[in-house]
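Please build the complex by placing chain B on the supplied structure of chain A, with the hints as guidance.
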Amino acid sequence: MSTASIIVAIASFALGALLALLMIPILVWLERRGAGLIQDRLGPNRTNIGGFRLGGVVQSFADVVKLLLKEEYYPKHITKGKWLMMLAPVITFVAALLAFMVIPFADNIVIAGESLRVQPLPVEYGILWFLAIGSVGVIGVFFGGWLSHNKYALLGSSRAGSMMISYELPLGLSILSLVLTYNTIDFNAMVTWQSQTFFNFLPAWGMIIQPLAGIILIISLFAETNRAPFSVAEGESEIVAGFFTEYTAMKFAMYFMGEYVAMNTASAVIITMLFGGYQLPWVTTATLLENFNHFAWAVVIILPIIIIFFIRWMRKNNRVRSTVSTDGGRSFETKVLTIALVLMTLCVEAILIYLIYMPSILGTSIAVTLFQIATFVVKLMLFNLFFILVRWTLPRFRYDQVQNLGWRYLLPLSLFNIFVTSLIVVGVNL
Amino acid sequence: MRNKIKVIPRQGNTLREKLYLPAIYQGMKITFKHLIDNVSDSNSVDTLEYPEEQPQDITSRYRGLHRLTHREDDSIACVACFMCATACPSKCIFIEATEREDGADEKMPALFAIDTLECVFCGFCVEACPCDAIRMDTGIFSLTGNAREDFVLGKEQLLAHRGAFKEEISRARK
Numbered sequence: 001m002s003t004a005s006i007i008v009a010i011a012s013f014a015l016g017a018l019l020a021l022l023m024i025p026i027l028v029w030l031e032r033r034g035a036g037l038i039q040d041r042l043g044p045n046r047t048n049i050g051g052f053r054l055g056g057v058v059q060s061f062a063d064v065v066k067l068l069l070k071e072e073y074y075p076k077h078i079t080k081g082k083w084l085m086m087l088a089p090v091i092t093f094v095a096a097l098l099a100f101m102v103i104p105f106a107d108n109i110v111i112a113g114e115s116l117r118v119q120p121l122p123v124e125y126g127i128l129w130f131l132a133i134g135s136v137g138v139i140g141v142f143f144g145g146w147l148s149h150n151k152y153a154l155l156g157s158s159r160a161g162s163m164m165i166s167y168e169l170p171l172g173l174s175i176l177s178l179v180l181t182y183n184t185i186d187f188n189a190m191v192t193w194q195s196q197t198f199f200n201f202l203p204a205w206g207m208i209i210q211p212l213a214g215i216i217l218i219i220s221l222f223a224e225t226n227r228a229p230f231s232v233a234e235g236e237s238e239i240v241a242g243f244f245t246e247y248t249a250m251k252f253a254m255y256f257m258g259e260y261v262a263m264n265t266a267s268a269v270i271i272t273m274l275f276g277g278y279q280l281p282w283v284t285t286a287t288l289l290e291n292f293n294h295f296a297w298a299v300v301i302i303l304p305i306i307i308i309f310f311i312r313w314m315r316k317n318n319r320v321r322s323t324v325s326t327d328g329g330r331s332f333e334t335k336v337l338t339i340a341l342v343l344m345t346l347c348v349e350a351i352l353i354y355l356i357y358m359p360s361i362l363g364t365s366i367a368v369t370l371f372q373i374a375t376f377v378v379k380l381m382l383f384n385l386f387f388i389l390v391r392w393t394l395p396r397f398r399y400d401q402v403q404n405l406g407w408r409y410l411l412p413l414s415l416f417n418i419f420v421t422s423l424i425v426v427g428v429n430l
Numbered sequence: 001m002r003n004k005i006k007v008i009p010r011q012g013n014t015l016r017e018k019l020y021l022p023a024i025y026q027g028m029k030i031t032f033k034h035l036i037d038n039v040s041d042s043n044s045v046d047t048l049e050y051p052e053e054q055p056q057d058i059t060s061r062y063r064g065l066h067r068l069t070h071r072e073d074d075s076i077a078c079v080a081c082f083m084c085a086t087a088c089p090s091k092c093i094f095i096e097a098t099e100r101e102d103g104a105d106e107k108m109p110a111l112f113a114i115d116t117l118e119c120v121f122c123g124f125c126v127e128a129c130p131c132d133a134i135r136m137d138t139g140i141f142s143l144t145g146n147a148r149e150d151f152v153l154g155k156e157q158l159l160a161h162r163g164a165f166k167e168e169i170s171r172a173r174k
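Protein sequence lines correspond, in order, to chains A and B.
The first sequence lines up with residues 1 to 430 when you count with our numbering.
The second sequence lines up with residues 1 to 174 when you count with our numbering.
Mixed in with the good hints there might be a few duds.
[Claimed, not checked] Derived lysine-lysine pairs resembling DSSO-like cross-links, with alpha carbons at most 30 angstroms apart:
no., chain 1, residue 1, chain 2, residue 2
1, A, K80, A, K151
2, A, K316, A, K335
3, A, K316, B, K33
4, B, K18, A, K316
5, A, K82, A, K66
6, B, K18, B, K33
Since the hints were made in silico from the structure, they are not lab data.
For reference, chain B alone in the conformation it holds in the complex:
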């Protein structure tokens, strides 16, 4: 056991360290250098001038705003199986099913709404979906509105969102 004990040397007992002032001087040197560098060229500061400059580094794994995917014929991929609404921890997905007339499938949603004020953007709905019909790959990270109702996204809005990356159509419905 004994040879496994690693002794960590205690710091702060020398006179130089107890004086504080040399350490303060070193710290001030670092902050002063940052200040001078940034004052002499403020455009080199690595920040985003947000509303004018938009982030360019959103990856395909980023969980943005939801969208409903399409089939190859551009019709809705969702079959209204309620898997996403069941998986949803914040109970913010509201679905009403109806019969599908074009024969491609049996069911489709008549109403599909997501209350984004309730949504926690966990991505469970995307994982639960058996048809790859709901995805969060729009890359949209901000949603604005003037009333609470503006934040409840309906079926048409969700279908109108396009993926920001590849794979436009539902992979399950090729």
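In isolation and in its complexed conformation, chain A is listed as follows:
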């Protein structure tokens, strides 16, 4: 193993862990602010550290502190083996986290003739890993529900289990038809396949080539993450809090955070399999590397425009109303953030211009990798926003309706889709 490969492996592992773990407070904040703004309220926007509110993200960290300091409560029947009850949420959390670790964040980076994967776990069987580890999460839910010795918890966990069984089938079958199309089980090869064009003008994204499988995949992943409109494992009006009725403090927080990690994982899988992963449409990695100067100039021009719009938006919105007398340090925050953003932009510009005039193969390939990672993160955030938007738009399905949808509609549709796909694949290859 060369030094470069070790550095790339460590960097991509750190990136994966950061993307999964740091995304939790951001997603919790995004969910609460998003829900507020959708419903014409403001959401949490007060918590600050020395006047820095960052739009309210600080609230998530305050919540973590609160959950850490809360009383650890165990039901009376648990006299020994408390670690078993602690283990259950950890299983769910770790399963969601590990499933995220096979997502490629950028195309293979070539350093000194060696092709290195930018993937936290550099495996070539990404989908199998995702399917295997992703389904382990429900074991934690079942464990917790059973150990709680509570009828609501047991009902919630059994609902989660039966949901898993009924939605794992359409999920697996729709993934199967995508695998038939791409002819690979490697996530990175799928993204490479999707950066082709279809009929010479459409990007060959999975959503465009396999719309039915795409819709089934998205619906099943919504069900897998246990989020609205498929949140049957918990429901205040029927079974209290479902499987985590007896869970408090950090044990509950593990389940809660696991849900957001699972949502993040689902978004990443949807992007990678259906929306071209880390690639921009019509742009392959080879194009990026060959025409690096053009892309660099485009970024040099577009980045300041985006930053200027962002700063203008911040100056307009990071103010109190005229009827409120105290400013609460918002103008100071705006000033500091503006300076920080401008400095960051100037740094990026300087590096890019340096790379344009002093071209080196290593620098170019690292810049292209970073550009692809940035594209991936933007797409990931957009899809997480989509998840949040769906949750605050649609009413919940009733439990039997969820099962009906899974068994009577999605399963036959995905079988039909496999049939059609196989016919076409065989026909094309004849």
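Below, chain B alone, put in the same frame as chain A:
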């Protein structure tokens, strides 16, 4: 009878409605529009930044904290008739009567206390009062304190509350 029957058309049987997806798209369009509108100008969101911004739309009929009204000479209007304490459904008004020395009336309360932790703000005391001596037109909607005793309002506190609207003095004692 027959011509009075109104047939309501059943919804949800067309293919478009059974597909769900067009309806989901329409719903998402509405919520997305709200999200974008509010993100682009968050100060236009029609909420109150409460502790800094106080509500300006309290009407004269709003049942706020109680007050004891005054006569024209600024003395207490209450005659300690116990009507309000009798009408009170939560039994939170405590009155001790005493003789009135200035000759304006025969009785007045020596002690008049309202336990606002018990009070349900129904306004029956205001309706029961024959002298217009107790009112809830202060417009005060929040009362804070550090101990239970802070929430038992005595005669002096109730007299100190002023009406937020017109009619400062008791109408029965002009």
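Here is what the structure says about each hint:
With a C-alpha separation of about 21 angstroms, the suggested pairing of K80(A) with K151(A) holds against the 30 angstroms cut-off. Proposed proximity of K316(A) and K335(A) is supported: the alpha carbons are some 12 angstroms apart, at most 30 angstroms. Simply put, K316(A) and K33(B) have alpha-carbon atoms about 19 angstroms apart, close enough for the 30 angstroms limit, and the pair holds. A C-alpha spacing of about 44 angstroms is found between K18(B) and K316(A), which places the hinted pair above 30 angstroms, so the restraint is violated.
Proposed proximity of K82(A) and K66(A) is supported: the alpha carbons are some 22 angstroms apart, at most 30 angstroms. Between K18(B) and K33(B) the alpha-carbon distance is near 25 angstroms, which keeps this suggested pair within the 30 angstroms criterion.
Hint compliance for this structure: hint 4 is the single one not met.
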